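Based on the sequences and whatever the hints tell you, model everything.
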Amino acid sequence: MEKEYSFSLAEIENSLFSLKEKGVTELSVHDKALSGDKRRIISMIKRVGAEYPGLFLSILINSDAVDCDLVSAAAQIFCSLEIPLLCVQKGGKLLFDKKKYASKARLLNQSEIVFGFQLLYADNPADSLKFFMERLDFAVQQYPNHLDFPQTEGAADGPAEGAVVSGTFSAKEIRHARDIAFAARTFYSAGRAVPWFLSVLRPLRIHPSRFFADFAEWQRCNNCDFRSGFSPESENHKSLEKMQLLFLEQKYEEKNCPQIFPAVRDVVCLNGALARLAGEGEVSVVQTSYHPDDILSPESADLQAFSDNVCMENCRVKVFSDGENPDYTVE
24 MEKEYSFSLA EIENSLFSLK EKGVTELSVH DKALSGDKRR IISMIKRVGA
74 EYPGLFLSIL INSDAVDCDL VSAAAQIFCS LEIPLLCVQK GGKLLFDKKK
124 YASKARLLNQ SEIVFGFQLL YADNPADSLK FFMERLDFAV QQYPNHLDFP
174 QTEGAADGPA EGAVVSGTFS AKEIRHARDI AFAARTFYSA GRAVPWFLSV
224 LRPLRIHPSR FFADFAEWQR CNNCDFRSGF SPESENHKSL EKMQLLFLEQ
274 KYEEKNCPQI FPAVRDVVCL NGALARLAGE GEVSVVQTSY HPDDILSPES
324 ADLQAFSDNV CMENCRVKVF SDGENPDYTV E
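Using this note's numbering, the final residue of the sequence shown is 354, and nothing's skipped along the way.
I should point out that these hints are in silico values taken from the structure, not numbers from a laboratory. Among the hints, a few may not be true.
Simulated crosslink set (DSBU-like; lysine-lysine; CA at most 30 angstroms straight-line) [to be verified]:
1) K123 x K113
2) K278 x K195
3) K55 x K123
4) K341 x K265
Computed from a predicted model, the values in this text were never measured in an experiment.
Here is the structure:
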């Protein structure tokens, strides 16, 4: 179980050796005062790299602080950058700089830096459910490793903490946004869906936010929604993968394209096995309907064309590590 403590930055930096001795492997530094100070963030990253390179560091950082220098430093350690997707109010409307966030995400993805977006909803009287869903759609399209919604984490059933009921965001809509956020946490973040999520949605012709809204309803019907006390982060990934596949099969049948689902299943299962190998060191054996070389090729980005043009080949695939890198063999 995770525990939270409050320390000054100086205390954290001076305690790295002690953390190493105690076997602490992950450290989250979510300090709003630090999040915009690029110089201090780089200094802390370098100190972690020098004194405890095995530590995984999660750090809150404003998008304006993300540049080539910071990315270069972050690439030297195990870390995740947590970036709030912030809005500004102009002329009575909320706006966010899509061009800026897209360029920052592109820089991070090109350098293979793990990052996530933090999204709030109804925290401003000018916000609306429609605009929250637009932000969510945009965020997913930038390929973040995870999406975080601080208002839904540990909150009780009812309006989200910090939410503002207004003429554009009713209490009912706030609860709906909360359920969508919880669905995204479950399916996308805890479900480790980033490598395949957009390619799987493409044949369905559905926006991510609409997909998450539908999944929120599926969770409610299957007693694993926000109100049930279900905790996606506490679930075994295989059980989440099973949920993903059950829901995806339902959606592909609903959209009259069930013939694509075998390729979808292979993409989800092979990437899930690779994710568990990286995260838990778990060796897996996966039954596939296509050869893994095809499933893991760029062609699988277009699953409609893939299922139309690639020959099916039943395989038993073992996913393992060769000691340094992930690998697989067909048995």
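Going down the list of hints, with the structure as the test:
no.: 1; hint: K123 x K113; verdict: holds (17 angstroms)
no.: 2; hint: K278 x K195; verdict: holds (28 angstroms)
no.: 3; hint: K55 x K123; verdict: holds (20 angstroms)
no.: 4; hint: K341 x K265; verdict: holds (19 angstroms)
Every hint, counting from the list given before, is met by this structure.
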